[in-house]
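Participant: Here is what each chain is made of, one letter per residue.
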Amino acid sequence: MGKYLLRRLAINVILVALAASLAYMLAATTMNPRATYQGRQPPIPEAVIDQTLDAYNLNDKTPVLQRYATWASGVIVGDFGKTWNGGSVNAEMGRRIFVSLRLLLIGTILGFAVGVALGAVSAVRQYKLSDRLIGVSSFVIMAIPVFVLATLLAIATYNVNRGLGFTLIEYTGEYNPRLSGFDQFLNRLNHLILPTISLSLGSIAFYSRIQRNMMLDVLGQDFVRTAMAKGLRRRTALTKHALRTALIPSATYFAFAFGTMFTGAIFTEKIFAWHGMGAWLIDAINANDVNSVAAVTFFTAICVLFAAFLSDLLVAALDPRVRVS
Amino acid sequence: MRSKVVLRRLYKNRQARYGFAALILLVALAYVGPLFGNYEWTEKDFLSFLSPPGPDHWWGTTSIGQDMYAITLRGMQKSIVIGLLVAVISTGLAAIVGAFAGYFGGWVDRLLMSGVELLLVLPSFLIIAIVSPRLKSDASWLWFVVLLAAFSWMVTSRVVRSMTISLREREYVQAAVYMGIPRWKIIFRHIVPNMSSLLIIDATLNVSAAIIGEAALSFFGFGIQPPDVSLGTLIASGSGNATGYPWLFAFPAGLLVLLVLSVNLIGDGLRDALDPGSNS
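Each protein sequence line maps, in turn, to chains P and L.
At position 55 of the first sequence (counting the first as 1) the number is 55 in full-length UniProt numbering, and the numbers step up by one without a gap.
At position 206 of the second sequence (counting the first as 1) the number is 206 in full-length UniProt numbering, and the numbers step up by one without a gap.
It is possible that some hints are incorrect.
[Claimed, not checked] Below, simulated DSBU-like cross-link-like pairs (lysine-lysine); rule was C-alpha separation at most 35 Å, straight line:
1. P:Lys-230 to P:Lys-128
2. P:Lys-128 to L:Lys-12
3. P:Lys-128 to L:Lys-4
[Unchecked claim] To list a few chain L residues with every Cβ distance to chain P over 12 Å, as calculated:
4. Ala-28
5. Trp-58
6. Leu-122
7. Pro-123
8. Asp-202
9. Phe-219
Read the hints as simulated data drawn from the structure, not as lab findings.
C-beta: ideal position from N, C-alpha, C; glycine also.
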């Protein structure tokens, strides 16, 4: 086991290095941070721009491999360099990770738990009214992309707030900086409502669909019948034998979702104006911010690999037939 | 014949019937509808900017005088083609890679799965976002399809792999092994068909996921490039002022939702038709 984990760790380190290097090369060769300084009024002298870009390791006159070497030697000691306007990428990342986590933690867990429960219920009562209701609503929700759903929610809230004459639900940003103490906490929760709904509705629909399908595959199998035949109550047989086996694909997806939670939700963050990791990637691409793009990629790679590891552990825990070899 | 049975079950299934009917109507609307419209999608009516739906412009006009009916249908054609192509490519790839990795195990498994992990850790969004706006040829949307497909099969292939690992130990697979059937044949005859319900669900989910993925990338301007349009680019430009000019947002968003919905209905009907246990 120890040897297996060590080998896996080594492979993962290589994969992260590859992904981050590739992202850096792609960003460094195609993006042009110089453009943001050149278009200014009054014009900045070329020498000053060069000096500034050199200080941030963004100068396109330096050969790309040399820039890469500077960047990589920084990353090895834990320094991701400077943003396009000279801020520290590390500080920015530290702040944004927790913004994304605050936004996604509730939505991810709520989505999985409610989705699996609804899917299992729906399979056990196949073709009954509750199954049809859950099925129809999850169909409709699955068909609505996050950015349409979020826009619809925002329009609805706008109309509700206007109809009521005061702001019941806030939907821009993370909190109101003028409040403090307990009011501040309530205000943060208020700001969470709409993004959490828009995040979790989609995953509830997704998990309930997967879970229903898998549960139906499992319900017809011999071991569930055997479990009931040997005298287990229906509820016990369903939860301990059927649900556990049918949970494997959902759990694989959930582990991914959980591990990649820190990398943010691009659309929800952009539409509801949270400055998390997802929004950072879009902003960095649009601002030609090479070092930030590379840092987001590096971090995402680590999260995805951790998620893959987590999903393997979960599958091994749930399925006795899978052996680590 | 199994396929006849499946088809008959499919016809009896109400969801599938509605799904097919809706999809046929939508495809007909996308490809036949433009023939009846008053305007071409390339035309601009400089006498009416942002006019609401009316007898001349059925679905209203945009801020530069384009006819919403014409460009929405044009965008829908693109979305349909992209969705189908991406789904076929990515589900096929996921099934083959996952089944081979799971069945052969050992170094094949390690090689394929580290490939999968490399693709998973590669910043797909970033690569598509940087590469796709730079493809300035006529066939740039085909490259976009390839990019979308290349980055959308990996998670499914992991699921296929873990299912293959447990299918490998089943009696009928063991029996086939002892009968001396070549291993690649076992994979295509016994392993993959026994995951068909998962694969078919996955393919239909992939059609809708690809349509949504295209729209999502286009939402930020990283997908289909102007002057070409897709439902995604239309939704992106419409969502900004959805409260003031609802027709800019409602028509493309509504059609996108209907399209995805009908594909999902077909997928679920297929699942019921393919599952022998759901006869009752």
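Participant: Checking a non-interface call: every C-beta of chain P should be farther than 12 Å from the C-beta of L:Phe-219. Is that right?
Facilitator: L:Phe-219 is in fact no farther than 12 Å from some Cβ atom of chain P, at 5 Å.
Participant: Report holds if the minimum CB distance from L:Pro-123 to chain P is greater than 12 Å, and violated otherwise.
Facilitator: violated (4 Å)
Participant: Should the label of L:Ala-28 as a non-interface residue stand, given a Cβ cut-off of 12 Å to chain P?
Facilitator: L:Ala-28 clear of chain P: closest Cβ-Cβ about 19 Å, beyond 12 Å.
Participant: Please verify that the nearest CB of chain P lies beyond 12 Å from L:Asp-202's CB.
Facilitator: L:Asp-202 not clear of chain P: closest Cβ-Cβ about 10 Å, inside 12 Å.
Participant: Would the hint linking P:Lys-230 and P:Lys-128 be met if the CA-CA limit is 35 Å?
Facilitator: Roughly 27 Å separates the two Cα atoms, so the pair holds.
Participant: Does L:Lys-12 sit within 35 Å of P:Lys-128, going by the straight-line distance between their CA atoms?
Facilitator: holds (18 Å)
Participant: Hey, is L:Leu-122 genuinely clear of chain P, shortest beta carbon separation above 12 Å?
Facilitator: violated (5 Å)
Participant: Does the structure keep P:Lys-128 and L:Lys-4 at a Cα separation of 35 Å or less?
Facilitator: Measuring from Cα to Cα gives roughly 27 Å; hence the hint holds.
Participant: So L:Trp-58 supposedly isn't at the interface. Is its beta-carbon more than 12 Å from every beta-carbon in chain P?
Facilitator: holds (22 Å)
Hint check: violations occur at hints 6, 7, 8 and 9; the rest are consistent with the structure.
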